[in-house]
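Heads up: the protein sequence lines correspond to chains A and B, in order. FYI, in the UniProt record's numbering the residues of the first sequence are 1 to 466. FYI, in the UniProt record's numbering the residues of the second sequence are 1 to 441.
Incorrect hints may appear among the rest.
Claimed, not checked - With a cut-off of at most 30 Å between alpha-carbon atoms, the simulated DSS-like pairs for lysine-lysine come out as follows:
#, chain 1, residue 1, chain 2, residue 2
1, B, 315, A, 256
2, B, 315, A, 59
3, A, 59, B, 412
4, A, 395, B, 305
5, B, 426, A, 59
6, A, 256, A, 297
7, B, 260, A, 211
8, A, 59, B, 92
9, A, 211, B, 92
10, A, 282, A, 455
11, A, 360, B, 315
12, A, 211, B, 314
13, B, 305, A, 211
14, A, 414, B, 412
15, A, 164, A, 274
16, B, 260, B, 305
17, B, 92, A, 362
18, B, 314, A, 59
19, A, 319, A, 297
20, A, 59, B, 310
As the list claims (entries may be wrong) - If you only want the chain A side, here are some residues facing chain B, beta carbon under 7 Å, derived:
#, residue
21, 51
22, 256
23, 257
24, 258
No lab work stands behind these hints: they were computed from the structure. All C-beta atoms, glycine included, are put in the ideal place defined by N, C-alpha and C.
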Amino acid sequence: MTGAIKNTGTWASTRNACKLCAPLGASIVFKGIKGCVPMIHGSQGCATYIRRYMISHYKEPVDIASSNFSEETTIFGGRANFSTGVDNLVAQYQPEVIGIASACLSETIGEDIHGFIREYRAANRNKPLPEFVHASTPSYQGSHMDGFHHAVTATVSALARKGKTGGHINIFPGFISPEDIRHLKDILSDFGIPYVLFPDYSDTLDNPHWKEYQLIPEGGTSVGELKLTGSAKVSIELGYVFQQGRYKDSLKGNQKFQTAAEWLRQAYDIPFYKGGLPIGLKETDRFFKVLEDISGKPTPERHLRERGRLIDAYVDGHKYHFGKRAVVFGEEDLVIGIVSFLEEIGIETVLVASGGASGKLKAAIDTVTGGKRKHMLVMNEMDFEGINEITDELKPDIFIGNSKGYYISRRMGKPLVRVGFPIHDRFGGQRVQHIGYKGTQQLFDRITNALIEYKQEHSSVGYKYI
Amino acid sequence: MSSFLIERKRQIFRSGADQHEMLCSRPSVAGSVSQRACVFCGSRVVLYPIADALHLIHGPIGCAAYTWDIRGALSSGPEIHRLSFSTDLREKDIVFGGESKLYLSLVELIVRYQPKAAFVYSTCIVGVIGDDLEAVCKRVSKEKGLSVIPVQAPGFQGTKKDGYKVACEALATLVGTGDREVPEISINILGDFNIAGELWLLLDYYKRMGIYVNATITGDGRVDDVRSAHKASLNVVQCSGSMMYLAKIMKEEYGVPFMKVSYFGLEDMSDALYEVAKFFKSAALMSKAKEIVREEFGRLMPVLKEYREKLEGKKAAVYVGGSFKAISLIKALRLIGVQTVVVGSQTGTTEDYELIQNLCDEGTIIVDDSNPIELSAFVKETGADIFIGGVKERPIAYKLGLGFCDHNHERKEALAGYEGMINFAKEIYATAMSPVWQFTR
Ligand code: SF4
Ligand code: SF4
C-alpha cells in the first residue's frame, strides 16, 4: 500500500467505513423483541449481507426476511411484495411481531409502509395477526446507530400503552453486548428494581445450544413488557449522543428525533434519567447513583465489592498505563465511555474517531473528560483510511475498537483490544463485557494484558514475572 | 414445524420420487429468508480479486461496508482490492443526484491509490435516482487516462447469477486492449478467485506440465493480464456459473475456445490437467500430466484411505453457491466415504441439477435457493452428520448439532487442487469426529 500520507484532507468518498447501514441497527433491535422476525423492505441483497455480518459476530442463526424487490417492484411499488412477504413470514414463522426496516431503495421510491401495514391489517381482519413495528431506516440518513435508535423508539411508540403507573422502570441501554445486557439485568435484580429492558437480545443473539431447532430463538422483550413501558415510573436511557445531531448532507437532520425515553415523557409523562454508558468508575458510579435514587436502597454489597476490586486493580496496574497513548474508534456512545475510562487510569487518548455523524462527539467527550486533553483529536464522520493516515504521527501504543481496525494496528505493530461491534476475527464478541464495575474490570484486564504482552514480546529478556 | 412455502415446491426435488423439472433462476419469494445475495454481490465477488484496480461502490454505505475484504482472495502484489470505497450517498445526493460526488470520489481515489483501472458499481438506489454512471466514468477515464468501467449492478435487477454476467461484460471491455506476446501453449484460468491461495496451487500444476498461464481471471488478477487475455490459446473455466459468460464472449469475439473444469476433488482435478493436455494434442503434456497425477495420487491415497476408513457411513448436506461446485463436492465426499443426502445451491442451473440427480442415491433431496427453515428440516429428515456451506449456514448447522465445513468464498483453507483435497478431508474429519457432539445429540 502507498506510504502514509499526512494530509487526510476532506474526502468525497468513504474509504473503509467505520459504520454500517441503518437497517442493520434496526435488525439488532428487532432481534431484541420476543417472537419477532425482522423483515427488510427492499431488495434481497441488503438482508443477506446484514445477516452474514451479524452471524459472523454473534455466531448465531440470524433470520431476517426480505420483501425481495424486483425490477417491477421498483417501478410499481412494493405493496404486493409487502403483503406476500408478510403472508409468507406468518405462514413459516408464526411470529408474534414483525419488525420492518425499510432499506434505501424502498425509502427512495417513497413507499408508504405505515399505509401498507394498515391495509394489511384491514384485509386480514379475521385472522390472528402479529404486531407490526416499522422503523424508517434509509442509510443515506444515518448509520447503523441511527437505525438502532430509530427502531427502539419505533417499537416503544408502537407498543407502549398507558396505564396506572407501576413500580417498574424502563431501561434502554443502547447498543451493548449480550453479556452486558445480562449483567445489567443482574444489577437491576440485585437492587430489587422491577424493569422492562429493551432491546433484550441477550438470548436471541447468544443462545444456549438447542435440542430442537428454534425457528425464532427464545428470549427478547415481550410485547406484554413493551406495553408496560407506557406505565413505568421512570425511564433510564444510556448514551449521550443518540445520533441526534445532524447527519451530514441530510436535508432535515435528526435534531427532532426523539429517543424512546423522550417519547415516553412526551406521550405519557414518564420522567427519565439519561447518562452515558456506565464504563469506568465515574460513569458507573453515576449509573449506580441513579439506581440508588430510584430504588431508595444503597448499592448492594456485591457491587460495592466489585467497585472496590476495580479500584484495587487500577492501583496495581497504574504504571503500565500512565502516559500510554490510545487510538479509540467505534460507535459514538461507546467511545465516549471508553475514553472516560481511559482517563481514569492515565492512558491518554490521542484520537477518538467514529463513523457516526452527530457532530456532538467533541462536546460529549469534553464533558466526560472535563476538557482536559487539549491535543486529543475527536473526529466524527471518520473512516478507517482516515484513521490509518494519521496514526503514524500520533504514535499510539494501543488501539481500542472493533475488529475492522485490525489492519491499522497490524501495520503499526501495536495491539488492538477488541470492543463493540463487529468482532469478526475473535471468539466471544457477544460475550465481551464493557459496562458496570465488572465489565470495566474485564476491559481493564484486557487492556493491561495487551500492554504487558506487547512489552514482553518486544523485550530481549524472556521475563516470567512482569 | 411449519410448512414450506407452496411457491417453492418446484424448487425442491427428491431424487427418485419427484418428476418435475427443477425450476431455478427464479427470484426469491418475498418474505423468505433466502440465503441468496443480489446482482451487485455477484458482480462484486467476481471482480473483487483484481488487485490493482480500484473498486468504487456508488451507493449508500451498506453495500460497500458489507463487502469490505470479505473474501480471502489473495494477491501476490498490490492490494487495492482489499479496501472498501463508497460514495456513501446522503439524502442530498438522493434528491439532487449523486453524479458530482461520484466524480469527485473517483478522481481523488485514482490520485491517491494509483490504480491500473477502476470499476464503478451502481447499487439499487442508483438504479432509481438516475445517475448517469456511464457518462461520469467516461469523463474521468478521459481526464485521468485510464479505463473507468461502469458495472451496472442494481441489486433488484435479478439474482447473484445475473451479477456474474454483468461482471463478465465489464471484463470484456478490457479484454483485447493489450497486446502482450504469448507462447502457443498457453491458457487463461477463469473462475478461480485464489481463495486462500488456491490459484497458486493450480498454477504450480500447470507450470509443472510446461504450460504458460497467461491471465488468471480473476484470482490474483491484474488489469494488464485481462487486457491481453485474448492472446491465450485456451480458456480453462472453473465453476460454470460465474465466468462462462466471459468465456463465451471471448470465443465469439476472439475465437479463444474454452473448456469447463473443476478443481475440487482428485478426479476432477486430474481431469482438469488431462483435458488441457488433450486440447493441445501433445503427448509430452499428457505424459507430464500423468506424472503429476501419479505423484500426487501416490502421496494422497494412503492419507485419504485413512480418512475414508474413519468417515465411512457419515452423511453430508451440501449447500453452496453454484451447482457445479456441488457436483464436485459430492464426488469428493464419496472419495472419503461420505454420502451426500441433501444437495442445494443458490444459483444452480437446470442441467446441473439433472447431473446431480444422476449422481446421487435415491432419496437425496435436491433444492434450489433454500432457506433456514427448509435446510433445518431436510437435515433432520435425512439424518445428516455434516453440513457443507457458507457462513450463513454455519450457525444453523451448529445449532442442529452438525459438523460444518466452510466451502464458500470466505474460507481461509485452500480446498482446491490435490493439496486442497487433503485439507478438505482433514476438515471434514475434524468436524465429524470432534468430541463436542457428545454433549449436543
Ligand atoms: S440489494 Fe441493492 S442495495 Fe442491497 S446490497 Fe444489493 S445492491 Fe446494495
Ligand atoms: S441499500 Fe441501504 S439498506 Fe441496503 S445494504 Fe445498502 S446501505 Fe444498507
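Comparing the hints with the structure gives:
Simply put, residue 315 (chain B) and residue 256 (chain A) have alpha-carbon atoms about 57 Å apart, too far for the 30 Å limit, and the pair is violated. This hinted pair checks out: residue 315 (chain B) and residue 59 (chain A) have alpha carbons roughly 24 Å apart, not beyond 30 Å. A C-alpha spacing of about 17 Å is found between residue 59 (chain A) and residue 412 (chain B), which places the hinted pair at or below 30 Å, so the restraint holds. For the proposed pair residue 395 (chain A) and residue 305 (chain B), the alpha carbon gap of about 54 Å is over 30 Å, so the pair is violated.
The hinted pair formed by residue 426 (chain B) and residue 59 (chain A) meets the criterion: a straight-line CA distance of about 23 Å does not exceed 30 Å. Simply put, residue 256 (chain A) and residue 297 (chain A) have alpha-carbon atoms about 36 Å apart, too far for the 30 Å limit, and the pair is violated. For the suggested pair residue 260 (chain B) and residue 211 (chain A), the alpha carbons sit about 43 Å apart, so the restraint of at most 30 Å is broken. Of the pairs offered as hints, the one joining residue 59 (chain A) and residue 92 (chain B) is violated, with about 37 Å between alpha carbons and a cut-off of 30 Å exceeded.
For the hint pairing residue 211 (chain A) with residue 92 (chain B), the CA-to-CA distance comes to about 50 Å; that exceeds 30 Å, so the pair is violated. At most 30 Å may separate the alpha-carbon atoms for a hinted pair to count; residue 282 (chain A) and residue 455 (chain A) meet this at roughly 29 Å. In summary, the hint linking residue 360 (chain A) to residue 315 (chain B) is not supported, as the alpha carbons are separated by about 56 Å, beyond the 30 Å threshold. At most 30 Å may separate the alpha-carbon atoms for a hinted pair to count; residue 211 (chain A) and residue 314 (chain B) meet this at roughly 21 Å.
The straight-line distance between the Cα atoms of residue 305 (chain B) and residue 211 (chain A) is roughly 34 Å, outside the 30 Å bound, and the hint therefore fails. As the CA atoms of residue 414 (chain A) and residue 412 (chain B) are separated by approximately 24 Å, the hinted pair is consistent with the 30 Å bound. Our distance criterion of 30 Å between C-alpha atoms is met by residue 164 (chain A) and residue 274 (chain A), whose separation comes to about 23 Å. Taking the CA atoms of residue 260 (chain B) and residue 305 (chain B), the gap is near 28 Å; set against the 30 Å cutoff, the hint holds.
The hinted pair formed by residue 92 (chain B) and residue 362 (chain A) meets the criterion: a straight-line CA distance of about 25 Å does not exceed 30 Å. A threshold of 30 Å between alpha carbons decides the hint, and for residue 314 (chain B) with residue 59 (chain A) the separation of about 25 Å falls inside it, so the pair holds. For the suggested pair residue 319 (chain A) and residue 297 (chain A), the alpha carbons sit about 36 Å apart, so the restraint of at most 30 Å is broken. Of the pairs offered as hints, the one joining residue 59 (chain A) and residue 310 (chain B) holds, with about 29 Å between alpha carbons and a cut-off of 30 Å not exceeded.
Interface hint at residue 51 (chain A): satisfied, since its Cβ lies 6 Å from the closest Cβ of chain B, which is below the 7 Å cut-off. Because the beta carbon of residue 256 (chain A) sits about 14 Å from the nearest beta carbon in chain B, more than 7 Å, this interface hint is broken. Using the Cβ-Cβ criterion of 7 Å, the hint placing residue 257 (chain A) at the interface with chain B is not satisfied: the shortest such distance is roughly 14 Å. A cut of 7 Å between beta carbons decides the hint on residue 258 (chain A): the least distance to chain B is about 19 Å, and the hint is violated.
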